[in-house]
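Protein chains: 2
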Amino acid sequence: MTREEMIETYRQWVFRMSAYQMALSIIEIDKATVAPAAGASYRDERSAYLAGEAYSIMMDPKMLEIVNILKDDEQVDPVVRRGCQLYAIRLGNSLSFPKEKYVAQSMLFNQAYDAWLQAKRENDYSIFEPYLKKIIESRREEYACRNSNLPLYDQMLQDYEPGMTMEKYDAFFSALTERLVPLIHRVRQADQIDDSFLHHNYPIEGQKKFMEHLLSYLHFDPSWGYQNETEHPFTSWTCQNDCRTTTKYIQNDVASAILSTIHEAGHAWYEHNIDPLYDGMILSDGVSCGMHESQSRLLENHLGRSKAFWKTNYPVLQEIFPSQLGEVTLEQFVAAINVAKPSLVRTEADELTYPLHIAIRYEIEKGLFNGTISTEHLDETWNAMYEKYLGVKAEQASQGILQDVHWSSGSFGYFPTYALGSAYAAQFVSAMEKQIDVQKLLEENRFDEIEQWLKDHIHQYGCYLESEDILKQATGERFNVNTYLDYLCDKYTGLYGLKGE
Amino acid sequence: MTREEMIETYRQWVFRMSAYQMALSIIEIDKATVAPAAGASYRDERSAYLAGEAYSIMMDPKMLEIVNILKDDEQVDPVVRRGCQLYAIRLGNSLSFPKEKYVAQSMLFNQAYDAWLQAKRENDYSIFEPYLKKIIESRREEYACRNSNLPLYDQMLQDYEPGMTMEKYDAFFSALTERLVPLIHRVRQADQIDDSFLHHNYPIEGQKKFMEHLLSYLHFDPSWGYQNETEHPFTSWTCQNDCRTTTKYIQNDVASAILSTIHEAGHAWYEHNIDPLYDGMILSDGVSCGMHESQSRLLENHLGRSKAFWKTNYPVLQEIFPSQLGEVTLEQFVAAINVAKPSLVRTEADELTYPLHIAIRYEIEKGLFNGTISTEHLDETWNAMYEKYLGVKAEQASQGILQDVHWSSGSFGYFPTYALGSAYAAQFVSAMEKQIDVQKLLEENRFDEIEQWLKDHIHQYGCYLESEDILKQATGERFNVNTYLDYLCDKYTGLYGLKGE
Chain A
6 MTREEMIETY
16 RQWVFRMSAY
26 QMALSIIEID
36 KATVAPAAGA
46 SYRDERSAYL
56 AGEAYSIMMD
66 PKMLEIVNIL
76 KDDEQVDPVV
86 RRGCQLYAIR
96 LGNSLSFPKE
106 KYVAQSMLFN
116 QAYDAWLQAK
126 RENDYSIFEP
136 YLKKIIESRR
146 EEYACRNSNL
156 PLYDQMLQDY
166 EPGMTMEKYD
176 AFFSALTERL
186 VPLIHRVRQA
196 DQIDDSFLHH
206 NYPIEGQKKF
216 MEHLLSYLHF
226 DPSWGYQNET
236 EHPFTSWTCQ
246 NDCRTTTKYI
256 QNDVASAILS
266 TIHEAGHAWY
276 EHNIDPLYDG
286 MILSDGVSCG
296 MHESQSRLLE
306 NHLGRSKAFW
316 KTNYPVLQEI
326 FPSQLGEVTL
336 EQFVAAINVA
346 KPSLVRTEAD
356 ELTYPLHIAI
366 RYEIEKGLFN
376 GTISTEHLDE
386 TWNAMYEKYL
396 GVKAEQASQG
406 ILQDVHWSSG
416 SFGYFPTYAL
426 GSAYAAQFVS
436 AMEKQIDVQK
446 LLEENRFDEI
456 EQWLKDHIHQ
466 YGCYLESEDI
476 LKQATGERFN
486 VNTYLDYLCD
496 KYTGLYGLKG
506 E
Chain B
6 MTREEMIETY
16 RQWVFRMSAY
26 QMALSIIEID
36 KATVAPAAGA
46 SYRDERSAYL
56 AGEAYSIMMD
66 PKMLEIVNIL
76 KDDEQVDPVV
86 RRGCQLYAIR
96 LGNSLSFPKE
106 KYVAQSMLFN
116 QAYDAWLQAK
126 RENDYSIFEP
136 YLKKIIESRR
146 EEYACRNSNL
156 PLYDQMLQDY
166 EPGMTMEKYD
176 AFFSALTERL
186 VPLIHRVRQA
196 DQIDDSFLHH
206 NYPIEGQKKF
216 MEHLLSYLHF
226 DPSWGYQNET
236 EHPFTSWTCQ
246 NDCRTTTKYI
256 QNDVASAILS
266 TIHEAGHAWY
276 EHNIDPLYDG
286 MILSDGVSCG
296 MHESQSRLLE
306 NHLGRSKAFW
316 KTNYPVLQEI
326 FPSQLGEVTL
336 EQFVAAINVA
346 KPSLVRTEAD
356 ELTYPLHIAI
366 RYEIEKGLFN
376 GTISTEHLDE
386 TWNAMYEKYL
396 GVKAEQASQG
406 ILQDVHWSSG
416 SFGYFPTYAL
426 GSAYAAQFVS
436 AMEKQIDVQK
446 LLEENRFDEI
456 EQWLKDHIHQ
466 YGCYLESEDI
476 LKQATGERFN
486 VNTYLDYLCD
496 KYTGLYGLKG
506 E
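Taken in sequence, the protein lines are chains A and B. Take the first sequence: its position 174, counted from the start at 1, is 179 in the numbering used here, and no numbers get skipped. Take the second sequence: its position 324, counted from the start at 1, is 329 in the numbering used here, and no numbers get skipped.
Quick caveat, the hints were computed from the structure, so don't treat them as lab data. Each hint should be verified, as a subset may be incorrect.
Since the list can't tell identical chains apart, any single copy or any two copies may satisfy a pair.
Claimed, not checked - For lysine to aspartate or glutamate, the following DMTMM-like pairs were computed, each having C-alpha atoms within a straight-line distance of at most 20 angstroms: (1) Lys-36 / Asp-226; (2) Lys-213 / Glu-9; (3) Lys-36 / Asp-284; (4) Lys-477 / Glu-438; (5) Lys-36 / Glu-234.
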């Protein structure tokens, strides 16, 4: 095969995979938003079959040969080479995992999602536990097919964040807990900020009305984005011009859907801003989960919880909820959405205690894969760790072990990237604020200009550059957890009128 | 291959096709409801590819051999045999139409839908015309690959309603126009019924609230059904437990979304009630378009426009819209939703003039395929026929030639089944009323019992029995257009206080 023939074969192969990926992505969005539950098993069986077809196409040994040749061929277009480099890793990792096993695993994930949903609704971990156990076994089996000397959980961590290991995460989480645990303690001793008004009754109709306004403020354009509702908010996409977000409305927590909407918009903007040249290719994705979470956490925390953000938005919210917020000032509202208070549910956690939610999950995942923790009574293990780290205890499994969707799809190693992303975000914001007047843009409804900075410095590259190169290029620095910790300490000592550390 | 091996090969083949059909169906629903428009071309290209994969699987010459053997093998389970019989027809018809052409056609339909949507929004037929022309050419080319001596349009008619021909439809539409045109004329001369209150301002939020109630009254259960919004209402399904309907809200026409919701619920119930044994098989579908439309039209007209239907529902509607309907009695409301008045838009047409909308489309389709009508200036041809048949003229293409979605997906020969279905419906209702007290069930919120009758007599069979056998078995009679015409004449002479014909 000539170079040109190989490139053409490669392009067709990529197109075919992108078609299945698109179908599976739309089926998944549909499943998580509007699809009637009784049809789940029919659909699940068939989407698992289609996932198997996609897997068959991908796991073509001939293609591994081709991508291995093209990735090292200097004459080949660099975009193709980078794609081949990434595929070489993916194929190399997975080629020995047989298709039947892959299809069975897909089916298991589909069923586990349904079981998780039911378990959460019925507050009964025992419904989900057998699936969780099977998923762990299935993941073990899958990774056993790889040709790696790394510990299992390290391999998983790298799948979500190339280059990360337990050693590095241990150091990261140590640094976090070392500074945050005492700070949280001091915050708890300080005068508390009133946020009770956030928990009045906020009819969902009104919340939806505000969300329309908010999405428009975020320049989340209906021509390329659509927001729906789901049990556990997520973002999904098929291409640059098709990015879907989801949210969940809670009647007595007006901030929840708002902050999740801003969070997911961060993911959606990332995908929307990737160079359209990469559409349908492996490059058309956030470069790592940490980088993706950095964008959602940046929007949610650094922008969405700022006073500047709310300057024009808060009056709109007040107008929709006059009886709940009419007497609450902008300053009081912004303070309230920044309150730090140990709580049970990660997605509704404040910015300061959030990383401890992640630390708990990291410890549990490590334990599940080194054999020190089992799925049996994991709800109790979970609760004990929440008491230890955060001093709170879940009365209901839906607010404890069952709160997150991730494990139902076998995503172990993903959680740590939320904390890592938060740390990346702090570095990006620090750099961005030196170049553009973020506060002013927020106040003047010029959110698109902030997105333009993020596009220029981060988003456009997709997977073309590595995380660390993007970070270096955008901030002029290497990864440094202290930027994040300094930011949190400054913010919360200020908010609660504490003296320096 | 032994019989058992053939059956197993057949089953696997059917499963594989059903997976693609499910994916394509969900992608289509997504496209027509929530998918961001800017992503259309990306998605369209990929769904056309997947349609091609499904087509490749279906058009396997080896499978034609197998289904031809199995369909005639008395030892084989009758459900499998009937499936093979239907596939033998489908494969025999399509086997010579090459996959590349099929994929190109799928792509054309996807693009034509987008063009139609844009043309309709911009009221500009010239945007859609080139696509319509290409679609007709593509259909000609496709049917030229068949081995049939029938005229082209007859072949198309049979695809939607086996056994029907232009000769039969000509007789059918003659009978209709012969009795209905003078009746419509007499109605127009009579004292008119006030329906102006239906066209006040009905905020869509309120309409949606009523729709929730209505879907519940229709026992359209969220566990197996979901309703969304679209430009042109349709129903789609993936299996017995996954039936999706759509509707469209019009602010100054409160009856439109209501009647379309009832109409689509008729389609959804049909699919939901098919024997679950047939799930995923070719049998799991309405036996013909006419039969499908008979169920939607039965619900819409015979049930949804009856006083008994509104006895408990009208007070709910009144409560939501007190200023618009507070002073309107049940009798006035029911009379208003039955008003006959020549109008422009088929989907909002009354029951009496509706068949003439169909007659127009039938004449145009016949002309398009026998060469007497061209797509050029078809908007004018359309308007001229509306003037001739109904005495009304569209000022805007969106209310004329561009009102229907069907031609954008190459569905020629489908429209006549709407009128045929209306005629079937009258026969079914006549039989049903002899066996169960329909009025009472409607009044007592026992809609599910009506559905049970329809399930027992019609729905459960899917494609297992032919249309004419179902009709015969359910009504004890063969098809007879006069039942329908007598019903319309009785109803409208009564409503408008006319003397007998």
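Cross-check of the supplied hints:
In this assembly of identical chains, the alpha carbons of Lys-36 and Asp-226 lie at most 20 angstroms apart only when taken from different copies (17 angstroms versus 23 angstroms within one copy). Taking the shortest alpha-carbon separations for Lys-213 and Glu-9, neither the intra-copy value of 52 angstroms nor the inter-copy value of 56 angstroms comes in at or below 20 angstroms. Taking the shortest Cα distances, Lys-36 and Asp-284 sit within 20 angstroms of each other only across copies (19 angstroms), while inside one copy they are farther apart (24 angstroms). Proximity of Lys-477 and Glu-438 under a CA criterion of 20 angstroms is satisfied intra-copy only: 16 angstroms inside one chain copy versus 77 angstroms between copies.
Taking CA atoms no more than 20 angstroms apart as the test, Lys-36 paired with Glu-234 passes in both settings, with 11 angstroms inside one copy and 17 angstroms between copies.
When each numbered hint is compared with the structure, a violation occurs for hint 2 only.
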